[in-house]
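Peer 1: Taken in order, these protein sequences are the chains called X and C. Mapping the first sequence onto my numbering, position 245 (from 1) lands on 253, and the numbers just tick up by one. Mapping the second sequence onto my numbering, position 75 (from 1) lands on 76, and the numbers just tick up by one.
Bear in mind the hints are in silico, worked out from the structure with no lab data behind them. Be aware that a few hints might be false.
[As the list claims (entries may be wrong)] Pairs of lysine-lysine residues, derived as DSS-like cross-links and limited to a Cα-Cα distance of at most 27 Å, are as follows:
#, chain 1, residue 1, chain 2, residue 2
1, X, 190, C, 18
2, C, 6, X, 79
3, C, 60, X, 69
4, C, 60, X, 357
5, C, 46, X, 357
6, C, 6, X, 357
[Unchecked claim] Selected chain X positions facing chain C (in silico; Cβ < 8 Å):
#, residue
7, 63
8, 204
9, 207
10, 361
11, 393
12, 394
Quick reminder that beta carbons are idealized off the backbone N, C-alpha and C, glycines included.
Okay, here's what each chain looks like letter by letter:
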Amino acid sequence: MATGINKLLVANRGEIAVRIIRAARDLGIRTVQVVSAADHDMLAARLADEVIEIGPAPAQKSYLVIDNILKALAESGADAVHPGYGFLSESAEFARRVTEMGVTFCGPDAQTIDRMGDKVNARAAAIAAGVPVVPGSEGRVADLDAAIAVAEEIGYPVMVKAAAGGGGRGIRIAQTREELVKTVPMAMSEARAGFGDDGLYIEAFIQRARHIEVQVLGDGERAVHLFERECSLQRRRQKVWEEAPAAALPEAVRAELCASAVRLAEEVRYRGAGTLEYLYDMGREAFYFIEMNTRIQVEHPVTEMITGVDLIREMLLIADGAPLSLSQGQIRCAGHAIEVRVNAENPEKNFLPAPGTIETLVSPGGPGVRFDTGVYAGYTVPPYYDSLLGKLVVWDTSRAAALDRLSGALTELEIGPNPTTASLHRDLVQNPDVRAGAVSTLWLEDWLRASAEGGLLKTA
Amino acid sequence: MAIHKAESPLPGLLYHKPEPDAQPFKAPGDAVAPGDTLALIEVMKSFMPLEAETAGTFKGYLIDDGEHIDAGDHFCEIEG
């Protein structure tokens, strides 16, 4: 398969950088890996055709410095950039400046990133496309009085969200009017400090919700969905376990959910891979759009496993100007996939980060088993970046079979001596609620609390 | 008077202040009680307080604000 892209610069690190290099290699595209001073040894740096250092270890001085990456871009002669997730992947300024250099950005244009990155604008686009949204304020609330008026109309508890927030950051919950009065001024100053924008909006807080999201691909004209993922198992609003398709979604609801995502993607003439996140209220069998991520997501492999579509490859082809390679009818959902995030954290010590040298790494294998990682035995995990070591992904013909396969794969996976969240997943895969798919976004934290109090947390 | 050197249990970035434009947790001459926060350490995008285990008088930081620290490194001195 050939593209017009000759050389791709990977503006990321860790497992996603490896994933992008592999996709590029399969298309015959050469790769340039940018690295901080702390990352010369990472797997992606070993696999890339070229490596360019872009600054000292802290991300604020390397992976987040647009000028440094653009300099590497000019120096390398790369004609395309893939931003991965996190870092600059949703920076409209980065996308704009890459494009201004005449280089292809693997993602939507700066205007779309800006529009969908602002939650208030994204919500307005959803309403325009006829996509249900969580009851809440129409855009930003002007002040505390306006926030109170909205909260009393929709009923407590409510979420106070920073318009410029994301990834679980900038969200507070108020159970009562008194809490709201205290929360709004604090949330405003936090939003100003954290995001440079004190805009807030108010939404109903759906207590026992499931997190369901739809993967889309668009070419600027047409969009298709690649079914949904469920990511209800979260700790501190960070996903730890993801599945595709969702465990318990009535077929009619699934069809409407996925169709709504395509409508919204086409409404904004979306180009690239994107994810629309929804809350699903099981009792009402109702879903509400919450936000769109204009980039590839950590958990994209579960979608690849059930559809057989290589999402990074599709991103590269779309960025190169090709129309969508698939029609909706060609995209089929087969079987069930589960991904668990293996983080360098100690579940026995309240998830204390655990950087350090990996001495042993044994990856699981066999049919339907995939381990995406950016580390290897002998590699020292630096303390400067997030704790994701790898993602163990399994596929099988049914959810029950996938759970059993995951259990086996977790038994094979060996990382030492570093503590990892693999031990948490060994417990979760045996848990009756998890096996029944009967979880909400609050389930994991409740279970962790109960386990800690009851001393139930088993050691791996 | 013995000098106690506080050490970090983890590698990461050491911060003397709770926020970039705030005052440092401790200045030379300040009293230190067990449990007082002496510094923050940033490890894998998490911030954790480093707390005093002994009482005494703060002498000073041994590692600059925002600099790398390894597990087991001493980062401040307390005279007690």
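Peer 1: Quick one, is the residue 393 (chain X) hint okay against chain C at 8 Å, beta carbons?
Peer 2: 7 Å, holds
Peer 1: Given residue 63 (chain X) as an interface hint, is its Cβ closer than 8 Å to any Cβ of chain C?
Peer 2: 14 Å, violated
Peer 1: Does the alpha-carbon distance linking residue 60 (chain C) and residue 69 (chain X) stay inside the 27 Å limit?
Peer 2: The hint is violated at about 31 Å.
Peer 1: Quickly compare the C-alpha distance for residue 190 (chain X) and residue 18 (chain C) to 27 Å and report which way the hint goes.
Peer 2: The hint holds at about 25 Å.
Peer 1: When the nearest CB of chain C is found for residue 204 (chain X), is that gap smaller than 8 Å?
Peer 2: Result: violated, 14 Å to nearest chain C Cβ.
Peer 1: Regarding the pair residue 6 (chain C) and residue 79 (chain X), is the alpha-carbon distance no greater than 27 Å?
Peer 2: At roughly 43 Å apart (the allowed maximum being 27 Å), residue 79 (chain X) and residue 6 (chain C) break the hint.
Peer 1: Does the closest beta carbon of chain C sit nearer than 8 Å to the beta carbon of residue 361 (chain X)?
Peer 2: 4 Å, holds
Peer 1: Does the structure keep residue 46 (chain C) and residue 357 (chain X) at a Cα separation of 27 Å or less?
Peer 2: With Cα atoms ~17 Å apart, residue 46 (chain C) and residue 357 (chain X) stay inside 27 Å; holds.
Peer 1: Does residue 60 (chain C) pair with residue 357 (chain X) here, judged by a C-alpha cut-off of 27 Å?
Peer 2: 31 Å, violated
Peer 1: Holds or violated: is there a CB of chain C closer than 8 Å to the CB of residue 394 (chain X)?
Peer 2: Nearest chain C Cβ about 5 Å off; hint holds.
Peer 1: For the pair supplied as a hint, residue 6 (chain C) and residue 357 (chain X), confirm whether the alpha-carbon distance does not exceed 27 Å.
Peer 2: 25 Å, holds
Peer 1: Is the interface hint satisfied for residue 207 (chain X)? The criterion is a beta-carbon contact with chain C at less than 8 Å.
Peer 2: 21 Å, violated
When held up to the earlier numbered hints, the structure conflicts with 2, 3, 4, 7, 8 and 9 and fits the remainder.
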